[in-house]
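Trainee: Note that the protein sequences, when read in sequence, are chains A and B.
Heads up: the first sequence begins at 504 in the numbering used here, then just goes up one per residue.
Heads up: the second sequence begins at 816 in the numbering used here, then just goes up one per residue.
Hints listed in this document are in silico derivations from the structure and should not be mistaken for laboratory results.
Predicted model, so just to flag it, every value in this text is computed and none were measured.
Just to be clear, a hint being listed does not mean it is correct.
[Unchecked claim] Taking lysine-lysine pairs in the DSS-like style, the calculated list, with each CA pair at most 30 Å apart, reads: (1) A:K705 - B:K915; (2) B:K906 - A:K555; (3) B:K903 - A:K700; (4) B:K1118 - B:K1030; (5) B:K906 - A:K700.
[Stated by the list, open to error] Where chain A lies over chain B, by a calculated footprint (3+ residues, C-beta under 8 Å): (6) 822 to 830; (7) 840 to 847.
Here a beta-carbon is modelled for each residue, glycine too, at the ideal position from N, C-alpha and C.
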Amino acid sequence: MNFLAASIESLGAKVAGWFSVGYGMFAFLAQAGSLLLERATWNRATFDVVVKQVYFTAVQILHVFLGYALVISWLIISIILSTARDFGLTEFASEMTIRVLVLELLPFLTALFIALRSGSAINTEVALMQVNNELDALAHCKVPPMQFEFLPRLIGGVISVVTLASLAGLLALLMGYLAIYGMNTAGFAPFTQTIAKIFDFKIMAGLLAKCALFGLAVTLIPVTAGLETPKKLFMVPVSVLRGMMRVFFAIVAIEVVSLALKYV
Amino acid sequence: MNKLHFKVGLFAAASLLLAGAFVVYLLHARGFFEDTFHLQLAASSADGVAPGVPIVFSGIEIGRVTALGLNDDGGIVIHAEFLGRNAKWLKQDSTFTLDKPLVGGARIRVDSPDLGAPALPDHSTMLLLTSDISKEIPLLVERVKAILANVEHLTRKDGEINATLANVKTVTGRMTGEYGVLEGVLGSPEKARAVTDSLDKTRALIGKLDSLALKVDGMAGKTDQWLFAPDGVAEHTRESLAQVRLMLNDAQSSLKQADALMTNAVAISANLKDGTQDIARLRAEIDDAVRKANALVNEINRKWPFARDPEVKLP
Chain A
504 MNFLAASIES LGAKVAGWFS VGYGMFAFLA QAGSLLLERA TWNRATFDVV
554 VKQVYFTAVQ ILHVFLGYAL VISWLIISII LSTARDFGLT EFASEMTIRV
604 LVLELLPFLT ALFIALRSGS AINTEVALMQ VNNELDALAH CKVPPMQFEF
654 LPRLIGGVIS VVTLASLAGL LALLMGYLAI YGMNTAGFAP FTQTIAKIFD
704 FKIMAGLLAK CALFGLAVTL IPVTAGLETP KKLFMVPVSV LRGMMRVFFA
754 IVAIEVVSLA LKYV
Chain B
816 MNKLHFKVGL FAAASLLLAG AFVVYLLHAR GFFEDTFHLQ LAASSADGVA
866 PGVPIVFSGI EIGRVTALGL NDDGGIVIHA EFLGRNAKWL KQDSTFTLDK
916 PLVGGARIRV DSPDLGAPAL PDHSTMLLLT SDISKEIPLL VERVKAILAN
966 VEHLTRKDGE INATLANVKT VTGRMTGEYG VLEGVLGSPE KARAVTDSLD
1016 KTRALIGKLD SLALKVDGMA GKTDQWLFAP DGVAEHTRES LAQVRLMLND
1066 AQSSLKQADA LMTNAVAISA NLKDGTQDIA RLRAEIDDAV RKANALVNEI
1116 NRKWPFARDP EVKLP
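Using the sequences and the hints, build the whole thing.
Mentor: So, in structure tokens, the structure goes:
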């Protein structure tokens, strides 16, 4: 009986924990959003931090990221094309390529890329600041951390993921055209027709929203996970671990929901 | 100059430019900058047609079905839209066919046999034909079943085809024998040999009859001399001459019969059915002809004293 009660209690504690984490995250997001509406937020200092964040998240890794997108796009396009040829379904190959790569795989991989590189860094940095009481010190010096530390990171993350995913998508479109029709303009009309068929307003808005949500997930979750860190140095790795797990689940959840909305 | 800001600025500008270019391209692709061409298709059934079904020309999509509904008379009206640049493929003699392939979705196929024909005006109504493969399949299966049943009946264990094949095997087996096709037709080497023997004999007989005819010719010449000679043989032989004419007639008919027999012998090799009966008749008639020729020679010999060898021998 005791065992049952204990297990129920631990389950309840877990659920309560999830709720408090979720609540903390959304409260933080609401706070950041309300701050975005305030005129005082739009100052030069905040803008500079946003620019810096975009630089470190997107510009610094652009060549690596585009190379990686190129390789993965080329591989997947080749696989889809050869499979489509084997089954005699070449006419669907271009549509399939665009749907798989541009709409699903590349945004997802971009989010994972940013999460692993910048998300983990943000999580560690915020956790260390929390442990070392730097955040309190900043607030004491009338430098609200929300405005100068967290909000620029969220904005930078969203901008970076949206931009990188778009660039990778455009690259994949180019690669797809070259792989299917070769170095000539003969296939331009049918390719345009396919693109027109796929990218209607709903799909474009959905893609943009998905990328923005990815960008938010890979910055918001590490920030809140870092803020939750108890003020003990050895808890920093644990905080990063938890944060990264949550980021992963959030990315998968966003992808699954977007797929369900699109095809179910 | 802040290098970091410059890089981010460059990145942002390039991305915005690319994004803007893509949006413009997308708007162009979706026909934002051109007129839309509308078409109504009248169909007997909207089975398989739904908004979004592509309309293809030569395998390339040029338009889509946007809506479908019923008109006042209960007919199906399918509304389709084309981009202005694709409307040139639609002519007044174009045909619209609803294709429902076994694999893949339904599509409406446009065929414009004459691209020089006048263009179709906007908002015009055309007839939609249906070519539904899946509906034809049950009929096809029924027919194939019937054919297969027939084939099965023909190829059963004691069936006609098996028996025929066995016969063919026997005949072709015989054909590989010494007397070739003739043996195959007649059934055994003995019969085939009889035919070839008869043919050889007939040939020899014809040769002899030929020389006989020459002799008779010569005799006729001599008879002529005798007739008009002054020693009165003509009177003496007038009766005999009439008899000789009769005999000659007889000889001629015998030769004709031999000729017919030759034709018959040739026909034997082509006619399987009559072959075997005719062999016996052939032999009998050849013998008969030889006998008659012999009698003729004997008769002539009797009337004329100068004949030497009175007998025609069968070779």
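Trainee: Are the Cα positions of K906 (chain B) and K700 (chain A) separated by 30 Å at most?
Mentor: 24 Å, holds
Trainee: Confirm or reject the coverage of the region 822 to 830 of chain B by chain A under the rule of 3 or more residues with a beta carbon closer than 8 Å to the chain's beta carbons.
Mentor: Answer holds; 5 residues pass the 8 Å Cβ test.
Trainee: Within 30 Å, alpha carbon to alpha carbon, are K705 (chain A) and K915 (chain B)?
Mentor: 28 Å, holds
Trainee: Just to be careful, I want the Cα atoms of K903 (chain B) and K700 (chain A) compared with a cutoff of 30 Å; is the pair within it?
Mentor: Holds, at roughly 20 Å.
Trainee: How does the coverage statement for the region 840 to 847 of chain B fare against chain A, requiring three or more residues with Cβ below 8 Å from a Cβ of that chain?
Mentor: holds (count 6)
Trainee: If you draw a straight line from the CA of K1118 (chain B) to the CA of K1030 (chain B), is it 30 Å or shorter?
Mentor: At roughly 15 Å apart (the allowed maximum being 30 Å), K1030 (chain B) and K1118 (chain B) satisfy the hint.
Trainee: Is it true that the CA of K906 (chain B) sits at most 30 Å from the CA of K555 (chain A)?
Mentor: This hinted pair is violated, its Cα atoms lying about 60 Å apart.
Checked against the numbered hints given earlier, this structure breaks only hint 2.
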